[in-house]
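S.K.: Read off the chains here:
4 protein chains.
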Amino acid sequence: MYFASDNAGPAHPAIMQAMADANTGYALPYGADTIMDDVRAQIRDTFEAPNAAVYLVATGTAANSLALSCVCQPFETIFCSPVAHIHEDECNAPEFFSGGAKLTLVGQGDKMTPQTLRTAIANEETRGVHGPKRGPVSITQLTERGSAYSVQELTDLCAVAKGFGLPVHLDGARFGNAMMALGCTPAEMTWKAGVDVVSFGGTKNGCVGVEALILFDPDKAMEFELRRKRGAHLFSKHRYLSAQMQSYLADDLWQKNASQANANCARLVAGLRDTETVSFMHEPQANMIFCSFPRAAHQRLHDAGAMYYVWSGTLEGDDPNEMLEARLVCDWSISDALIDQFVDLVRGNTP
Amino acid sequence: MYFASDNAGPAHPAIMQAMADANTGYALPYGADTIMDDVRAQIRDTFEAPNAAVYLVATGTAANSLALSCVCQPFETIFCSPVAHIHEDECNAPEFFSGGAKLTLVGQGDKMTPQTLRTAIANEETRGVHGPKRGPVSITQLTERGSAYSVQELTDLCAVAKGFGLPVHLDGARFGNAMMALGCTPAEMTWKAGVDVVSFGGTKNGCVGVEALILFDPDKAMEFELRRKRGAHLFSKHRYLSAQMQSYLADDLWQKNASQANANCARLVAGLRDTETVSFMHEPQANMIFCSFPRAAHQRLHDAGAMYYVWSGTLEGDDPNEMLEARLVCDWSISDALIDQFVDLVRGNTP
Amino acid sequence: MYFASDNAGPAHPAIMQAMADANTGYALPYGADTIMDDVRAQIRDTFEAPNAAVYLVATGTAANSLALSCVCQPFETIFCSPVAHIHEDECNAPEFFSGGAKLTLVGQGDKMTPQTLRTAIANEETRGVHGPKRGPVSITQLTERGSAYSVQELTDLCAVAKGFGLPVHLDGARFGNAMMALGCTPAEMTWKAGVDVVSFGGTKNGCVGVEALILFDPDKAMEFELRRKRGAHLFSKHRYLSAQMQSYLADDLWQKNASQANANCARLVAGLRDTETVSFMHEPQANMIFCSFPRAAHQRLHDAGAMYYVWSGTLEGDDPNEMLEARLVCDWSISDALIDQFVDLVRGNTP
Amino acid sequence: MYFASDNAGPAHPAIMQAMADANTGYALPYGADTIMDDVRAQIRDTFEAPNAAVYLVATGTAANSLALSCVCQPFETIFCSPVAHIHEDECNAPEFFSGGAKLTLVGQGDKMTPQTLRTAIANEETRGVHGPKRGPVSITQLTERGSAYSVQELTDLCAVAKGFGLPVHLDGARFGNAMMALGCTPAEMTWKAGVDVVSFGGTKNGCVGVEALILFDPDKAMEFELRRKRGAHLFSKHRYLSAQMQSYLADDLWQKNASQANANCARLVAGLRDTETVSFMHEPQANMIFCSFPRAAHQRLHDAGAMYYVWSGTLEGDDPNEMLEARLVCDWSISDALIDQFVDLVRGNTP
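Residue numbers (this note's numbering), protein chains in the order written: chain A, 1 to 351; chain B, 352 to 702; chain C, 703 to 1053; chain D, 1054 to 1404.
Think of the hints as simulated: they come from the structure by calculation, not from any bench. There could be a bad hint or two in this list.
Below are the EDC-like pairs computed for lysine to aspartate or glutamate, each with C-alpha atoms no more than 16 Å apart in a straight line [stated by the list, open to error]:
id	chain 1	residue 1	chain 2	residue 2
1	B	K484	D	D1142
2	C	K835	A	D89
3	A	K111	A	E125
4	D	K1186	A	D89
5	C	K813	C	E827
6	D	K1186	A	E88
7	A	K133	C	D723
Note that the coordinates shown come from a computational prediction; the quantities given were computed from them, not determined experimentally.
Just chain A, with the same shape it has in the complex (with noise of 0.2 Å):
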């Protein structure tokens, strides 16, 4: 029963299998194996953006530091929620990859809107010198906190940063889970509505360790590959990287990876929300939900094994009935079975 993140599950078997077939004789190193060619075609088809540029790295934070280095000069600051992942679980990775950048918390939660984000742009650079200029705006999608921006809200955040001259971010490590939670096109969630560039996630879907880089504009391509290599990120052994993506695009393997994970958090959700014992903190989208519900569920939980983390509160203490917040992350290949077994265990049956 592991809902503690989507990093912990195994690979979708197709990624693994396609690792497996290019695992043969000699291929050109450094991403110019000829997999990394199908891969650029598809994700510009899928994008319905023939001129972008795309580059594969093997961690989420290497696709977002790099692209925001890109992006944002060293006495800029970059606009985020105060929970994005590039300003809580990064280990100042964007600070050191822009050289020195500053990162500005916008509103309170894990969304920004437009008032909170206007009002926070505003406020930078009205000291001159003193303070750091304007930079880019990134946008976590899904958020740190489970919730999908709708399309119209990403349109409406990026004119904002528009309207600035600022370009957009998007951190999409779980960019299918939203995607498909929306119903939109790939396309209708970035460039369409004003995204610049795309850390879209392979990873925490199904993937052993991939992420692809898109930049809708090409200017910057060859700043991107000098930097990759100058962090460390460019891979000689890049047909790995390739295999992996080409498999996750191919058949809509990512749409389909992300469709389960989002199917087997609702099931989660529907066992949970028959339980009257638990209340959700913020309206279920797609495959993570934080939830609260009293300790002595999380006390049969943990007796049992189940893996997730208690997110305000702790398990140890004398009331039974007081409230402690869960996070729950289901991932594609997480069994109905489990799922079922922990919501009997939230509930007080015998699994």
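Keeping the supplied structure of chain A fixed, place chains B, C and D upon it in accordance with the hints.
M.R.: For chains B, C and D alone, coordinates are given in the frame of chain A:
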């Protein structure tokens, strides 16, 4: 006929199998997987270093840059060969990860000597705070010209460094090839000689993409972990790095692959030695050689699709007898038939 | 009528005279001048800190950034007020000099409290290597809103930092103003309270451009020297920095200037207090105040050439009675006549 | 008898007077002072460059590092002489300000030639993204060995840089000394020859501490301003920098000081030329020379308190006839009597 590098052949089947075997159920992310526990134990055992801190990253540049950043302040300078990978082939990654340290090039050619190293170190810090402070010494083993430092040479270089109180890093992208050429133990080639931190390469020697970073003094372990995360080199699905390294160490696969690559190269050398038009620039020792032969031979190879670097001169030219230098690298997988075909083409025989 | 800042008035004549006196014959460069020996001795004596390392730089941002870079790793975060100069007014200099550290904003308003500081520190390092490590606490004294932390408040903040094993930096750009307001000794306001490193400001208090950096623990002295040189803040003709600081310390000039500036501000406050339309945002303590009064008064001041920051709202507007906030700073040199003229204009009297 | 550097003599009285004259009333901070308007106009006029962006900083290292950081990406390499100040005497400041760029050392000795520069540039970017990209060329004028590039030499070097599309920086810490030695105009020695950005030194030539940074193409002006602030090199009481530079430019004081320093050095050279035991390492051109003479003469100088760098060898030694090299620098202020005394001591006469 791919002799351009040892990073373009396939991974060893055992490595692929290990990744496939690891692809089952849930595994704790970010290096907390149980396979990593075994890897750590194996490496400590292999290196006779029970207290060593051991980490995995996916690229050699990451291993080198992160290692150096843990033992180098930004106001220091790193001593290395003028042809060191960290100087010529990492697009300023050491400068980036160290926060702006300098590289001081020692002597001429691929090998530092105690004399050239002592002179270079002595020349620094003669200018008070105006020049950089002396920082770590970085040794490449194999060198970028295919030579192996003997254990005595390593010991002597480390003694010079220690005499100035400086730490020593070993770039072991081709660690196995060097060790099998020398016939020594891992400990003899590292900490017993005076090395403090090692990049222990897997990628060029049959893995998909994994390098171990070994800190014999674990005091810097937490700093390394933080710098790895900040450099975006901490893998969430870390088990696939662990599985590669576990399999690489098991049954001495790494030594067998390295021996095979060296043997392949020895076959190539033997064939070329019988060819009167070939002269060697360095004494062949492991799996990489530099030799020169007439342009006509290069053209035959080129026409037959052989891939390798023409190291000096250009394929185009009027004089068929002009000697052009080639860099030739054998990986573990290249077949006797292809090696012989290459030799035949140099000789001018119809293959 | 210049109330915009204390960085626009003239230097004290004694400072200018000291620079002129120093302008004779040869003096060893780069801080080896004999005047610096006296400065070092005087500062150690003034701060009752016989082992302190003492250095001079020419700007407050240099003092702060270099100090922080000596006590902060690039994978750490600095704790400070949301209105701290290092956050709002140094264009990412702390991020630059630290190599990419983050700043964590503590609480609301200009003053950190033990409670808000403890909460902020506790919240970091709850995410393993994913978030930054806890780094130094930086306290601004005077705050950027003109308040002075009491010695007890400083002691309590330092105790929180020490409880977590963190170093404490004091940004004393207005050190003298704060100390004279509190009536304590330099030692009481620094190391006796738990401060480890101080930026001791001269520029805003009658000097041309000089700040002392005092490290009570001299272990980092050589690192500071190297970082100062690397930051291009080591002056060749250092004697002119030394001469300023020597004269600033002699006969307690720094205390006299600060007292005079505070007294000037007290006169301004007294005048404004008698003006019923003025309300103060913070209790005036030293030489900087924030207060609000009607737009009509602002317009009279503006027309008369008074210079200061309209801190909230804009001068242009229809409603003459709308209250707009002003930031008013007095330096040591401003005359009673100009202060009285300013007050008269607020009152609406013809000056 | 101070011949160690031109940074240890007094400032010219006119410079001190200008600072004193500026010390009256209020002046807008941070470069908005009215004196700076005049400085900007004078420099544009002096350099026949009506559109140039002009800024002031207080140290030569700041001028060089900030200038280079505006024309160099962190994944590039800077081309300079192996004895360039930016390489040997700035403790990694160019690496720091550029965010980790490399320095590629061109040829041997103090002067780059078109041939050595072309070779060095051509050698870079032969390795795709694995090596750094070509960045700016930095020329030191005077060189660190006291030589002046002729206008033709500068033009030829710039032509090589331009042929590769690279910007050119001139480190003019001793700009005046070089120009007066050549007898050319400021424009001829800079933009007319192909220089893009100049560090125009004042400190070594009679100022207290001020250098002008001149960007002939003002496109980078705002970036320079932000980098200056972020580097902590923007002075609040900027008027004292402006006043120095205004006075330095007025009545060609900078040219007079430089001529005087060169004349002082010529007197020294003439005296030493008459001394048969002295041999010159470089042809004396301006105010810095390198020459060798017997240890006995060095010891006489040392005993008499003369200060200068023994450039090779050590004062201590048995052989009174061993030739040791000296670096001797004359500033504008050194008297004929001291020069003659120095020469007499070399000759062995009782002074």
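S.K.: Now tell me if each hint is right for this structure.
M.R.: Here is how each hint holds up against the structure:
1. Between K484(B) and D1142(D) the CA atoms are separated by roughly 12 Å; this keeps the pair inside 16 Å, and the hint holds.
2. For the hint pairing K835(C) with D89(A), the CA-to-CA distance comes to about 12 Å; that is within 16 Å, so the pair holds.
3. Proximity of K111(A) to E125(A) is assessed by CA-CA distance (about 23 Å); at most 16 Å being required, the pair is judged violated.
4. Between K1186(D) and D89(A) the alpha-carbon distance is near 32 Å, which puts this suggested pair outside the 16 Å criterion.
5. For the given pair, K813(C) sits about 23 Å from E827(C) by alpha-carbon distance, which is inconsistent with the 16 Å threshold.
6. Under the criterion of a C-alpha separation no larger than 16 Å, the hint pairing K1186(D) with E88(A) is inconsistent with the structure, at around 33 Å.
7. Simply put, K133(A) and D723(C) have alpha-carbon atoms about 42 Å apart, too far for the 16 Å limit, and the pair is violated.
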